[in-house]
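The residues making up each chain are set out below.
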Amino acid sequence: MIELRNLTRHYGEVTAVNDVSLTVQTGQIAVLVGTSGSGKTTLLRLINRLVQPSSGQVLIDGADTASLPVHHLRRRIGYAIQGDGLFPHRTVARNIATVPRLLGWPKSRIDARIDELLALFQLEPAAFRDRMPHQLSGGQAQRVGVARALAAKPDLLLMDEPFGALDSVIRAKAQSDLRDIQRQLGTTIILVTHDIQEAVQLGDRIAVMDRGRVLQYDSPAQILTQPATPFVRDLIGPTERAFRLLSLTGIGPITMPGEAHGTPIARDATLRDALAECLWSGRDALPVQGGGIVTLDALRANAAQDRQ
Amino acid sequence: MSPPAILVAILGLVGLWLPLVQFKPNRIAAGDSLTLAAALEAGWPVALGLAAVLILGCLRYWSPRLRIVAAALGIAVLVLSLGAAASQLVGPDNKLARVSPASGFWLMLLAFSLMWADGVTRMRPSLRASWLMLAGALAQVAALLLSGQLADVSVMRELAARQDTFAHEARAHLILAFGSLGLALLAGLPLGIAIYQAPRWRGPVLAVLNVLQTIPSLALFGIMIPILGWIAATLPGAGRLGVSGIGMFPALVALFLYSLLPVVSNTLSGLAGVPATARDAAAGLGMTRAQMMFQILLPLGLPALLAAVRIVLVQNIGLTVIAGLIGGGGFGTFVFQGLNQTAMDLVLLGALPTIALALVSGIVMGLLVDQSRATRGQA
Ligand SMILES: Nc1ncnc2c1ncn2[C@@H]1O[C@H](COP(=O)(O)OP(=O)(O)OP(=O)(O)O)[C@@H](O)[C@H]1O
Ligand SMILES: [Mg+2]
Numbered sequence: 001m002i003e004l005r006n007l008t009r010h011y012g013e014v015t016a017v018n019d020v021s022l023t024v025q026t027g028q029i030a031v032l033v034g035t036s037g038s039g040k041t042t043l044l045r046l047i048n049r050l051v052q053p054s055s056g057q058v059l060i061d062g063a064d065t066a067s068l069p070v071h072h073l074r075r076r077i078g079y080a081i082q083g084d085g086l087f088p089h090r091t092v093a094r095n096i097a098t099v100p101r102l103l104g105w106p107k108s109r110i111d112a113r114i115d116e117l118l119a120l121f122q123l124e125p126a127a128f129r130d131r132m133p134h135q136l137s138g139g140q141a142q143r144v145g146v147a148r149a150l151a152a153k154p155d156l157l158l159m160d161e162p163f164g165a166l167d168s169v170i171r172a173k174a175q176s177d178l179r180d181i182q183r184q185l186g187t188t189i190i191l192v193t194h195d196i197q198e199a200v201q202l203g204d205r206i207a208v209m210d211r212g213r214v215l216q217y218d219s220p221a222q223i224l225t226q227p228a229t230p231f232v233r234d235l236i237g238p239t240e241r242a243f244r245l246l247s248l249t250g251i252g253p254i255t256m257p258g259e260a261h262g263t264p265i266a267r268d269a270t271l272r273d274a275l276a277e278c279l280w281s282g283r284d285a286l287p288v289q290g291g292g293i294v295t296l297d298a299l300r301a302n303a304a305q306d307r308q
Numbered sequence: 001m002s003p004p005a006i007l008v009a010i011l012g013l014v015g016l017w018l019p020l021v022q023f024k025p026n027r028i029a030a031g032d033s034l035t036l037a038a039a040l041e042a043g044w045p046v047a048l049g050l051a052a053v054l055i056l057g058c059l060r061y062w063s064p065r066l067r068i069v070a071a072a073l074g075i076a077v078l079v080l081s082l083g084a085a086a087s088q089l090v091g092p093d094n095k096l097a098r099v100s101p102a103s104g105f106w107l108m109l110l111a112f113s114l115m116w117a118d119g120v121t122r123m124r125p126s127l128r129a130s131w132l133m134l135a136g137a138l139a140q141v142a143a144l145l146l147s148g149q150l151a152d153v154s155v156m157r158e159l160a161a162r163q164d165t166f167a168h169e170a171r172a173h174l175i176l177a178f179g180s181l182g183l184a185l186l187a188g189l190p191l192g193i194a195i196y197q198a199p200r201w202r203g204p205v206l207a208v209l210n211v212l213q214t215i216p217s218l219a220l221f222g223i224m225i226p227i228l229g230w231i232a233a234t235l236p237g238a239g240r241l242g243v244s245g246i247g248m249f250p251a252l253v254a255l256f257l258y259s260l261l262p263v264v265s266n267t268l269s270g271l272a273g274v275p276a277t278a279r280d281a282a283a284g285l286g287m288t289r290a291q292m293m294f295q296i297l298l299p300l301g302l303p304a305l306l307a308a309v310r311i312v313l314v315q316n317i318g319l320t321v322i323a324g325l326i327g328g329g330g331f332g333t334f335v336f337q338g339l340n341q342t343a344m345d346l347v348l349l350g351a352l353p354t355i356a357l358a359l360v361s362g363i364v365m366g367l368l369v370d371q372s373r374a375t376r377g378q379a
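Respectively, the protein sequence lines represent chains A and B.
Mapped onto the UniProt record's numbering, the consecutive letters of the first sequence carry residue numbers 1 to 308.
Mapped onto the UniProt record's numbering, the consecutive letters of the second sequence carry residue numbers 1 to 379.
Simulated from the structure, these hints should not be mistaken for lab results.
Any given hint might turn out to be false.
[As the list claims (entries may be wrong)] Stretches of chain B that chain A covers, calculated by requiring three or more beta carbons in the stretch to come under 8 Å of a beta carbon on chain A:
1. 277-289
2. 296-306
[Claimed, not checked] With beta-carbon atoms standing in for the labels, derived distance ranges:
3. A:ARG109 - B:THR288: 16 to 24 Å
4. B:THR121 - A:ARG109: 50 to 58 Å
5. B:ARG60 - A:ASP167: 46 to 54 Å
6. B:ALA143 - A:ARG109: 55 to 63 Å
7. B:ALA207 - A:HIS134: 36 to 44 Å
Backbone N, C-alpha and C fix where the C-beta goes; we use that ideal spot for every residue, glycine too.
Based on the provided sequences and hints, a complete structural model is requested.
Below you can see the structure in the form of structure tokens.
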């Protein structure tokens, strides 16, 4: 569990982070969203003490991080830097091996870990292990950056816009992979983005930041249905809100027994997928793979319920 | 027509027209100047051949490779002509007569060297090819010197008469130039690292080093004499450690002081030029300050450091000549002896190896810099 208590950081006149308090439960993904310059990166770097707080505390599992030697603290916390921050003079493998080497892992274990991570991020180990960073595309470099952050199996992972350089297809894949990896390992993740859709898809909790303050810290559904301030509502984009909300929930709860015609929809599809399919194919009801149907009426009723 | 080649041709043709050698019956007598055509038995065909190469070199479609080969041949023919002219003019038993290269020789040497450089620039050789070409050029020079064809040229006669001192002064020159560089690295690297870590000290430290750099070299060597002489005389034991007002020690100190600024400022700019993201990542992943310095900052700052080593080395090889003035040894000894006796051959005996050494060191270091960049894709 990570606890931020009244964290503040000034840079001269600018207050980059202003009295932020929030808690992230173990195994959760917390997403920081906000416009450029709102203090997301600074807040993230306060957690691994790359930035010293002007005031306030960071507690990990109840222990104040100020009491630990910084390099020990940081080796336990994975950090995927904004951009990729790869060391340009070291191979991909050597980059990924950074923290395990600092921790003194045996070579065989490090090598196995490198290959495991490269495979996990869809980078063929034999082809990528010995490449230099300048021989990677932007998206590949970012994935190596994330792999490096994960190398020593940290309990806490800080990620600063890790998917910024990926195209929308690979991005969606990377997001769902991150979800899977996180579920498997039970890692706690704090992730920065300025893409609200990414926040809604990945976050267990979302913190909306503006000018150093956290305006709202809530579940995605809460943020979408009950924005705390006009700023939050604008950030969500009022016209997009309905679709974002629909994309949060699977069709499971509104699936009912029955028969319908046409191509069936996948069992793990979201409400948004179902609505889109109804509108596109001009059907009032869709069969669900493995039995049952979803109807347009049920979708509408569900949305009305959310609105209240 | 290519403009650099036209310049080369003009220089070379003027060189052909000017005297190749100066012939003196003895060291003091006034000399006779002879052009290549006149100095050699088969002078005219050789001169026409060289002229043809220079003029044809203006053609655009000459490939860079052809230019390099032509330049190498031109230099070989020129130097061998000098040697042959000397042998023919002085004869085997004449120990007094001297034959020295004259303005035409130097101009043609310049012309063919430019042709070589032009060829190399156009070829954009790979690192490997560059190393090979350097080795080839050195082999050519060594072959010419060792062939004995030049034995009657007066510089070589001076050399033959001074084999032992030459070896001794060459050693002294290398010790002074490389030793002062080594000392400057020993002191300058830590100092550069220190002012990188403590920005407050950058201004003052660099200011002091800048002042040192602006003292004229003769003055600095001069100042060393009383200061170190006084230290040697007053501090017991200092003399026994080699401290003295004249000789090698003050020369080493002066060269060391000159080397400090380039080493320190390039160390600083090399470290400061490391991408901020790499530094951030190193800190964020839990490296200690020392680990970050040795694993990230120094390796990434290496090209700048090597560039500093190059500057200092070339500078020191040249400056070491001045050490000859205060009895520090080195090739400067010949230069100043020659100047005192107005014996230009002796001056050349000091100057030519100095220039060659500086040139080769500069090229080698330049290639090392390129190599260190290439391995990380900054080339
Ligand atoms: N080292 C620093 N010195 C001075 N000001 C800083 C420093 N770091 C950040 N700031 C300021 O603090 C504010 C927050 O910056 P921060 O980098 O945290 O924003 P961000 O939300 O990450 O923005 P982006 O989305 O563009 O990455 C900005 O106004 C920035 O100018
Ligand atoms: Mg940022």
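Structure-based check of all given hints:
1. 277-289: holds (count 11)
2. 296-306: holds (count 3)
3. A:ARG109 - B:THR288: 16 to 24 Å: 22 Å, holds
4. B:THR121 - A:ARG109: 50 to 58 Å: Given range 50 to 58 Å: holds, Cβ gap about 51 Å.
5. B:ARG60 - A:ASP167: 46 to 54 Å: Distance hint for B:ARG60, A:ASP167 holds at roughly 47 Å.
6. B:ALA143 - A:ARG109: 55 to 63 Å: 56 Å, holds
7. B:ALA207 - A:HIS134: 36 to 44 Å: 38 Å Cβ-Cβ, so the 36 to 44 Å window holds.
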